[in-house]
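Protein chains: 2
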Amino acid sequence: MDFTDKKPQRPLYEEVANQIITMIDGGTLPVGARAPSVRSLAKQLRVANSTVVAAYRKLEDEGRLQARPQSGFYVRAPRRDTVEEPEMSRPPETASDVTVGDLRLLLLTEFGQPGIIGLGASSGAVSDWSAKSVHALMSSISRSQPRLSSSYPPPAGIPALRRQVARWYLRAGCTLSPDDVVITSGALEAIHLCLRAVTQPGDAVALESPTYWGILQTVEMLGLKALEIPTHPRTGPSLDALEVVLGQNLVKAVVLIPTAHNPLGSTMPEENRRQLVAMIRRANVPLIEDDIYADLVYEPARPRACRSYDAGPSASSLVMVCGGVSKTVAPSLRIGWCAPGKWLKEVTRSKAWLNIASPTLPQLALARFLEEGGYERHLRKVTTIYRRQVERMSELIAEHFPRETRITRPQGGFLLWVELPERVDSVALHDRAIKSGISICPGVVFSAAGKYRNCVRLNCGLLWTPEVERAIPTLGRLIAEAMGATAAGGA
Amino acid sequence: MDFTDKKPQRPLYEEVANQIITMIDGGTLPVGARAPSVRSLAKQLRVANSTVVAAYRKLEDEGRLQARPQSGFYVRAPRRDTVEEPEMSRPPETASDVTVGDLRLLLLTEFGQPGIIGLGASSGAVSDWSAKSVHALMSSISRSQPRLSSSYPPPAGIPALRRQVARWYLRAGCTLSPDDVVITSGALEAIHLCLRAVTQPGDAVALESPTYWGILQTVEMLGLKALEIPTHPRTGPSLDALEVVLGQNLVKAVVLIPTAHNPLGSTMPEENRRQLVAMIRRANVPLIEDDIYADLVYEPARPRACRSYDAGPSASSLVMVCGGVSKTVAPSLRIGWCAPGKWLKEVTRSKAWLNIASPTLPQLALARFLEEGGYERHLRKVTTIYRRQVERMSELIAEHFPRETRITRPQGGFLLWVELPERVDSVALHDRAIKSGISICPGVVFSAAGKYRNCVRLNCGLLWTPEVERAIPTLGRLIAEAMGATAAGGA
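Taken in sequence, the protein lines are chains A and B. Be aware that the first sequence starts at 2, since it is given in the numbering used here, and climbs by one per residue. Be aware that the second sequence starts at 2, since it is given in the numbering used here, and climbs by one per residue.
Some hints could be false.
Because identical chains share one entry, a pair is satisfied inside a single copy or across any pair of copies.
[Said to hold, decoys possible] Straight line, CA to CA, 27 Å or less: simulated BS3-like cross-link-like pairs of lysine-lysine:
id, residue 1, residue 2
1, Lys133, Lys436
2, Lys346, Lys436
3, Lys452, Lys346
4, Lys226, Lys253
5, Lys452, Lys226
6, Lys452, Lys253
7, Lys226, Lys346
8, Lys436, Lys452
9, Lys382, Lys343
Honestly, the hints are just simulated from the structure, not real lab data.
Model the full assembly from the supplied sequences, consistent with the hints where possible.
Here it is as structure tokens:
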């Protein structure tokens, strides 16, 4: 076949793509093999580099090739579709006290240790780029305004940052004024302040199951009980279950992560959001909406925040939307926020009494970063990378983990939730993995009811290195060993 | 008199000083008048400038002249000693709920407003200098380590800063290891974390009366009750009263500011500290020691922290010492710390669940500032300035406030506690003062029991300007008007 003989009916890159498929199907390029480099194939077929790139992108879209960061294109295992998704979760129907705090603290201290591959963390390394920009801004602000540090910042935050946050929420369909926004030291502090504004010790709150362990800790810290709601790994919490819980007055607040949920990656469909807000308004129960991963959805535009479905003035909203930049710009800034609707005054006051205010300089630098418009470009860049890395991690798991493994299909962010065979104890697995230099996040910490012992959450947001690639086979081996030990122990 | 005719028995500067005294006593230089400038007097008397400076310093030491920042030397009012100190406080003997939160939040937002003379605040403007140094360090660290922001800082804080804090506490007689220290977002957060580690909602805690309103808010926020202890304006809390309270098991914790107390400026004598620690050990009740003003004592060396009297390993100490740099380096950094002794693990965990950790860059910059040794020099400089400004403010009050006014004799820091005649309502005074562009801190916010309505706390830590000088006569006039109105209203 002579590729210089162009057939006008069919674009040239499709011919190239077909040729590659023939090579794959014929076994010339087996699963896992690296496809020829763009340059060498272009030379070989006497076409332009851009034609080969277009062909590879097409095959990537069709799921035949997999782009690996800084490495090239690889033939994809067709097994991907045979790895099932987890089912809807089935938490207990009664509220639980929260108690695995020591394990969570251990995990938190492990994540940042040098020499550890932090698959247990939830931070995206590509925020390096934005951190660099924000640092440069801090440096420039420090130099130009040396005296700005000599007074306390206002409790609700620096006005310039509150303006930027309010503006940003237009993307989420919310019309906020800067005065509706309170700046906090990270999104978890925002959730803490909102939750304490609407509950008393002893109250129960409804949560997804599984859900982010930080929220469970906040629930414990405030002396509350957690009522876990069955949750679907793609569409989020069961509204039927939530309706029953609200109808029976079982909870004083609902705390959800409707968009790119941690750990599931689930994203509530628009219609569910509308129904959810109608339900909480009927029951007159506040909804705390953790929005922190929403800017990392894989769709071109983020879904509207639940808050946007609560019509009427911000000052009467029952939806307290919380967010932050730890997943998108830099966790070390420790900047979050909330728009606490009806409880604005209570939240502002709690923020003041807790730690007066958040530090000035990181707020000013972030405000300028958001204002100068680098944020959207940055988000597009990192979201593409995270999606690819989640895909690649899924492939590696499909290849190296036991057959019965199930993995989520996240719709945003950089986290994978992996359901291992029932007999695998992920806490024991964690202890073995850390000795091999790999941190993982055992499933138990995502449930107040002690569920998900056979699950792990894996971070695909790391800077992708050969060590990360090798960590998954290592984990697969440790799981196999653990299962062998269990089987032998059971014999 | 010819000053060139030197008499060897008596230094020349003493002759000059005597000449000035003659001018004062004779009425040539009345109280409040500005003494001739150094240069003009030197020229006039045909002596060296340095001789006049020495003479003025001598007269300053003797209380005859007052140096005013950036202005010169002024003849001091001899009334100073006739203004009495407040007496030992007499709070109620039962614990109170805390409730003046709205007023406190209002105050907090007023303090930083442009165009307001912030006599109600508690922040020292001369920290401008250190803020500038720390900003320069941040700028340099940002440039040299652009990637440090891409991971979460450890919950207990950056090791370099914990090392510096531990090292610094040697001055307070405490042998701490970096592992004993938890970095927090300001000292108030440290107190919050320590208090929540040792109490349950409904418990009572013992405090000085009056005491820092931030501590009272923390007490309210945690659902605790405040038991106010009679407190002497120079020597701090009554140990007799505290012994009764501890003996009757009335409180689950004691929270004190033993050194340069806010608002009193009181500093517990060494022997009282020893007794206090023995008492709390006998009762097995933790002491939270707020140490934030201790680096600003007027004595050459700070007193030993109460913590240092609790012998034995740090891990079993009942004294949880808390501090920070908001009063000494820069409030906008929002950096504090605690060494929570026996409750290290609980406090670290709470810090993690509250907001994961404090931001990285301010911690690194402060660590370097403490390490590079500018801190001690800076402290000597600002303490001298604060002491002078407190003196000057006392003079102005003596001159312009009603005769029955009492003022404290602070032993450190930059705060004055002013007891006005009983019929003055300082909340109403605050409302009138703010309309004249002056913020003051009404006494009621320093008591859970609603006491001190006729008291105000004034901040002498401001950058001293003619506006600050003029604010006190203005306040004096407002007080006189209020008293006239009261008298008229009563007639």
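Query raised in the report: What are the numbers of the hints that this structure violates, sorted from low to high?
Result: 1 and 9
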